[in-house]
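All chains, please: the whole structure from these sequences, using the hints.
Residue numbers (the numbering used here), protein chains in the order written: chain D, 1 to 202; chain E, 203 to 404.
Because the hints were derived from the structure by calculation, they are not lab data.
All residues carry an ideal CB built from backbone N, CA and C; glycine is no exception.
Please note that the accuracy of each hint is not assured.
[To be verified] Label pairs and their in silico Cβ distance ranges: (1) D:A157 <-> E:K362: 48 to 56 Å; (2) E:T401 <-> D:P79: 19 to 27 Å; (3) E:G279 <-> D:D63: 20 to 28 Å; (4) D:D194 <-> E:D354: 47 to 55 Å; (5) D:T76 <-> E:N367: 30 to 38 Å; (6) E:T401 <-> D:D194: 16 to 24 Å; (7) E:G264 <-> D:K160: 38 to 46 Å; (8) E:G264 <-> D:D63: 21 to 29 Å; (9) E:L369 <-> D:D51: 18 to 26 Å; (10) E:K250 <-> D:D84: 51 to 59 Å; (11) D:D164 <-> E:R276: 48 to 56 Å; (12) D:G62 <-> E:D330: 30 to 38 Å; (13) D:D164 <-> E:D286: 30 to 38 Å.
These are the residues of each chain, in order.
Number of protein chains: 2
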Amino acid sequence: MSASATIDFYFDYSSPYAYLASHTIEALAQQHGRTVTWRPILLGFVFKTTDSKPLVHIPLKGDYSMHDLKRTARETGVPFVIPDNFPIGTVAAARATLWVRANHANKTDALVHALFNAYFGNNTDISDTANVLQIAGTCGIDASALEQALGDNDVKALLKTEVDNALNAGVFGAPFMVVDNEPFWGHDRLPVIDRWLSTGGW
Amino acid sequence: MSASATIDFYFDYSSPYAYLASHTIEALAQQHGRTVTWRPILLGFVFKTTDSKPLVHIPLKGDYSMHDLKRTARETGVPFVIPDNFPIGTVAAARATLWVRANHANKTDALVHALFNAYFGNNTDISDTANVLQIAGTCGIDASALEQALGDNDVKALLKTEVDNALNAGVFGAPFMVVDNEPFWGHDRLPVIDRWLSTGGW
Numbered sequence: 001m002s003a004s005a006t007i008d009f010y011f012d013y014s015s016p017y018a019y020l021a022s023h024t025i026e027a028l029a030q031q032h033g034r035t036v037t038w039r040p041i042l043l044g045f046v047f048k049t050t051d052s053k054p055l056v057h058i059p060l061k062g063d064y065s066m067h068d069l070k071r072t073a074r075e076t077g078v079p080f081v082i083p084d085n086f087p088i089g090t091v092a093a094a095r096a097t098l099w100v101r102a103n104h105a106n107k108t109d110a111l112v113h114a115l116f117n118a119y120f121g122n123n124t125d126i127s128d129t130a131n132v133l134q135i136a137g138t139c140g141i142d143a144s145a146l147e148q149a150l151g152d153n154d155v156k157a158l159l160k161t162e163v164d165n166a167l168n169a170g171v172f173g174a175p176f177m178v179v180d181n182e183p184f185w186g187h188d189r190l191p192v193i194d195r196w197l198s199t200g201g202w
Numbered sequence: 203m204s205a206s207a208t209i210d211f212y213f214d215y216s217s218p219y220a221y222l223a224s225h226t227i228e229a230l231a232q233q234h235g236r237t238v239t240w241r242p243i244l245l246g247f248v249f250k251t252t253d254s255k256p257l258v259h260i261p262l263k264g265d266y267s268m269h270d271l272k273r274t275a276r277e278t279g280v281p282f283v284i285p286d287n288f289p290i291g292t293v294a295a296a297r298a299t300l301w302v303r304a305n306h307a308n309k310t311d312a313l314v315h316a317l318f319n320a321y322f323g324n325n326t327d328i329s330d331t332a333n334v335l336q337i338a339g340t341c342g343i344d345a346s347a348l349e350q351a352l353g354d355n356d357v358k359a360l361l362k363t364e365v366d367n368a369l370n371a372g373v374f375g376a377p378f379m380v381v382d383n384e385p386f387w388g389h390d391r392l393p394v395i396d397r398w399l400s401t402g403g404w
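Structure representation (structure tokens):
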């Protein structure tokens, strides 16, 4: 594999562990001469395949996860709130990201961080399309053009393809990273990716 | 909390991530002046509460987990095979461990490692009571006395109590560690425990 190959970062904007990972994945990639490809998906579709459900809806595991998320955020210094509306549908945010990635690629990083930080850092409900458009505007993206794009069949197809590709890549949760065909699931695998890229794998 | 407080290590002998963690948890505890209390439970009962199921029975996640387990074992140098019979019922192994812990405490460490290593290191089916007894014998435990104990109502009650205590402590998977009332789930949280004990928490 070329050292310039990207790290595929599969995520749902409603995943708090993906949010935490979004704060460090680019620095990690850069240390190894890699870039990050943001791949927003809809975990709801994925969970149908795996007969799974959102963390917070699982007894005991949900409570632990909230505790662990807050603890991890404190250790890493990433601002983190559990949003009032959580989990949420993220179709608009995902479609917006894919449209920007396809048409204004140099603004993708900014949009991903702005959407994630709005939701988990500032309790802004990004299931609301109006909020997605407003946030996109702050990233220098034409909100009117984006609004029109969100209803386009081509953009809907982009997201469907991204979800299908994710399932084909074995993605069942978020964050899910693929580096040189090697899969890594979970925020806690970031240091493993670091060691994997440092050593060339084992 | 006293610095001599133990680390509660909840596990099912059928959990491969708990097996991997069993190889390092004692050294981690010792570094911080702690000991390990082995708490064998039955994840089957726990999964009923959380409407969950064994990793290998979950589409995509099962395949990934097998890959990740082998990768983790290679990195840490722990011998690891996926046993022919997996997952298994571990009632006999769990009861044996609790009886030994209650009556021959100084042999508990040896028994836990011998059972885990037989199963995940050597593909020995420890759902078979005869194998549990044979392995206990290699640890200097009286196999006849243990065989009798496995049918005792008192020993059955020990396991029921241990599972109930685990659920009350919020345990939903394995390995699950509790240190000074702080819960940590998963093999990947071992370095977090290390930092938690080094810093006094955050």
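> Which hints from the list above does the structure break, by number from lowest to highest?
Replying inline: 3, 7, 10, 11
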